[in-house]
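Residue numbers (my numbering), protein chains in the order written: chain C, 1 to 235; chain H, 1001 to 1434.
FYI, nobody ran anything at the bench for these hints, they're computed from the structure.
Wrong hints could be hidden among the right ones.
As the list claims (entries may be wrong) - A short, non-exhaustive set of chain C residues, derived as facing chain H with CB atoms under 7 Å:
id, residue
1, Arg140
2, Leu144
3, Val147
4, Asn148
5, Gly150
6, Lys230
7, Pro232
8, Pro234
This one's a predicted model, so the numbers in the text were calculated from it and none came from an experiment.
Where is the CB? At the ideal position from N, CA and C, for every residue including glycine.
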Amino acid sequence: MRQIILEGLEQVYNKLLHMIAEFLPRFLVMLIIVLIGLLVALVLRYILRALLGLTKLDRVSEQSGASRVLRMAHLPSMSELLSRSVFWVTWLGFFLVGVSVLGIPGFQEQISRLFRFLPEVFVAILIMFLGVAIANFLSRTALLAAVNAGHPSARILSWAIRFVIWILAITMTLEELGLARQTVISAFSIVFGATMLGLAIAFGLGGQDLARRALERYFGDAKKDTDKGKEPQPL
Amino acid sequence: MRTLAEDTFLADDLLRQLMSVGEVDLLVGVSCHNALQQLGEAVQAIERSFQQFFVRQRVVIVNIDGGDKDTQQNDPANSPVAHPTQTVVPGHGITSLRTINRVNATFSVPPAPGAALRTLLAAADLLRARACAVVSPATCNLTPDSIAHLLRPAFQDKFDFVAPLYSRHKFQGLLARNLVYPMCRALFGAGIRELYTDEYGFSGRLASSCLSQNIWNEEAIQARPEAWMALSATGSNYRFCQTFLGEKPPAARGPATDIVEVLRQTVGTLFWCLETRQSLWLDGEPSPSLTTFGPDHELTTEPSNLDPHRIFEMFRTGVTELEPILSSILDPDTHCEIKNLVAIEEGKFRFKPDLWVRTLYDFAASYHHSVINRSHLVQALAPLYRGMTHSFLLEHSDSSPAEMEAASEMLCSEFELQKPYLRERWKTNVEVTS
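Let's have the full structure, built from the sequences with the hints guiding it.
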C-alpha cells in the first residue's frame, strides 16, 4: 500500500518535473518574444511619432476639430494616440504569439480569433475618427454660414448637423464591429426617420411664415431683401 | 533645347496671335466675363486712349474671353472688316501711327482672376511690353484718360505698380479704410489705398518677376492676384505710385458685395501675403516711398440708406454664437473685451481702435498657426468687421472728410504701435497639446 502511494507520488513528481522541464523553455521563449516585442513596439512608436510630427497631423487634427473631441474625452493628441495605439497593438501581438508558444489547449483558437478581429477594430476606429472630423468641420461650416447670413438658430442647425453625422458614424462603427448589426441599423433608421419627419412636421406647421420668407428670398423679388439689410460696400 | 511652345502654358492659338503681333510698348488686358454689354465700349475707350495719348507706341489689347458665345458677337475685334488680330480703328480727330493689335485669349470657362492675370503676364513677357494695365469693362467710368493714367506712370515715369485712387462716399470701402490700407501700410510700408481693385497698371519688369514665381496655383492668388502683385513689389527694388481716376464705380451685385466672400478674398489673401512675405515685416521696417498723381483720395458726404441697427444685431449674434470659434482664435483678454462689447447699448457702442487692431493681429497670428481651418477663420471675422462698421457709422455720421482722414491716420498709428504684439504672437509656438 505504502509502496503504491510512493510510486504514485513519484510518478506525479516525475510528471511535474517533466512538465516543468517542458514548460520552462517555452516560458523562456515566450519571455524573449515578449521582450523583443516590447523593443520592436518602442522603436515603432518612436519612428511613428517622428513621422507624424513631420506630417503635422496634430495641426490637421486641430483644424478639423478632432483634437477638441479628444480633449473632451481626456485623450492625448492625435499623433500621440496613434503612436501609443501602434505600440500597444504591436506589443499585444508579440505577447499573444508568445503565449501561443506555451501551447495551452484552446488558447490558439482564441488568439487567432482575436487576430482576425483586429483589422475590423482598426477600420472601426478610422470610421469613428473620420466621422468626428467631418461632423466638426461641417457643423462649423454651417454655423459660420448661418451666423454670417443672419439666420436665426444658427447653433441649433450646427448641432443638428453634428448630431446626424455622429449618429451615422457610430452606426457605421458598430456595424463594422458586427455588434447587434440588425438592431443598430433598425435603431438608426427609426431615429433618423423620426427626426426628419419631426423636423418636416415642425417646419410645415410652425414655420409657414419662415418657409414663405425663405422661398420669397430665393425665388421672389430680390430687391426687397437687398434693401432690407443694406450694408456699406466693403471695397 | 526646349522651344517656346514647350515652355509656356499659353494655348497654341494665343501663342500664334501673340507671335504675329511681335514686340509692343503697351499692353492693356481686359476681362469680359460678366460684362459683355460693356466690352465694346471698354475696347473703344482703350483704343481712343492709345490714339490720344500713345500715338507712336506699339500697343496691344488682350481680351480674356471666358468662353461665352456672346463674346464673339459683342467683340468689335471680330467684325468682318478687320483682320482678327489687327484693327485700324477709325480716328476720332487723332489717329494712332501704329496698328492697334488685338489678341483674344479664349478659355473654355471663365477663368479665375489669377489665371486671367497669369495669361496677361505671360503675354506681356512674351511681347516684351514695357507697361501694362488691367481694366474691367464693368467699370462704368472707363475713359481714355483713366487708361492713360494707369499706363503713363509705368511707361514714362518707370513706376512698377500703379494703383488707382478714387473719389468715393465716406461710408463706402470701409474694409479698405479700416483694415486693408492701415494694415498693409503698417506692415509692408505700402500705403496703397486701393489694394483690391479691378483697374491697375504695372511695368513689364514686375510682370516678368511675378510670372516667374511658383504661386499660381494658390487659392489666395486665384481670387485676388492684384494685392499680391502690389505686395510682391514691396521689399524689392520696385517703385509704387497711385493715380487718381475719378469717382469709384459702384460694384455690381455678386461676390463683390457679399461681405463674407469679400473677406475670404481680400483678408485671406492679405494674411497669406503676411505669411509668405513675413521676412519683410517680421525682422525689418520696410519703407517704400509712394508717389501720388492727382488728388489724394476724395470723400463725398451724400446721405446714405444704410441700416446700422441690422449691422449691430449681426455683430451681437455673431459674437455670441461663434464664441467657441472666437475663443480658439483670439487672445483671452481680447475675446473678453469683445464679449463685453455685446452688452453695451447700441447707441453707445464703440469698437475702439486698439481693440480692433489687436483683434486683427490675433486673427493674423491664428491664421499663421492654423488654429482652425483658414477659410473658417476668415469667415469668423465677418461679425467683428460688422461691429467695427457699426461703430464707424455711428462715430462718423456727422464727420467731415478731414475729420475722417484724421481718424484714419490715428488707426494707422495704432496698427504701427501694436506691431510688436503681432510679432510676439506670430513667433509664439502654438503647442497643439491635446
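Verification of the hints:
1. Arg140: holds, 6 Å
2. Leu144: holds, 4 Å
3. Val147: holds, 5 Å
4. Asn148: With Cβ-Cβ at 5 Å, under 7 Å, it holds.
5. Gly150: OK, holds: Gly150 (chain C) within 7 Å of chain H, min 5 Å.
6. Lys230: holds, 5 Å
7. Pro232: holds, 5 Å
8. Pro234: Holds, because the Cβ-Cβ distance from Pro234 (chain C) to chain H comes to roughly 4 Å (cut-off 7 Å).
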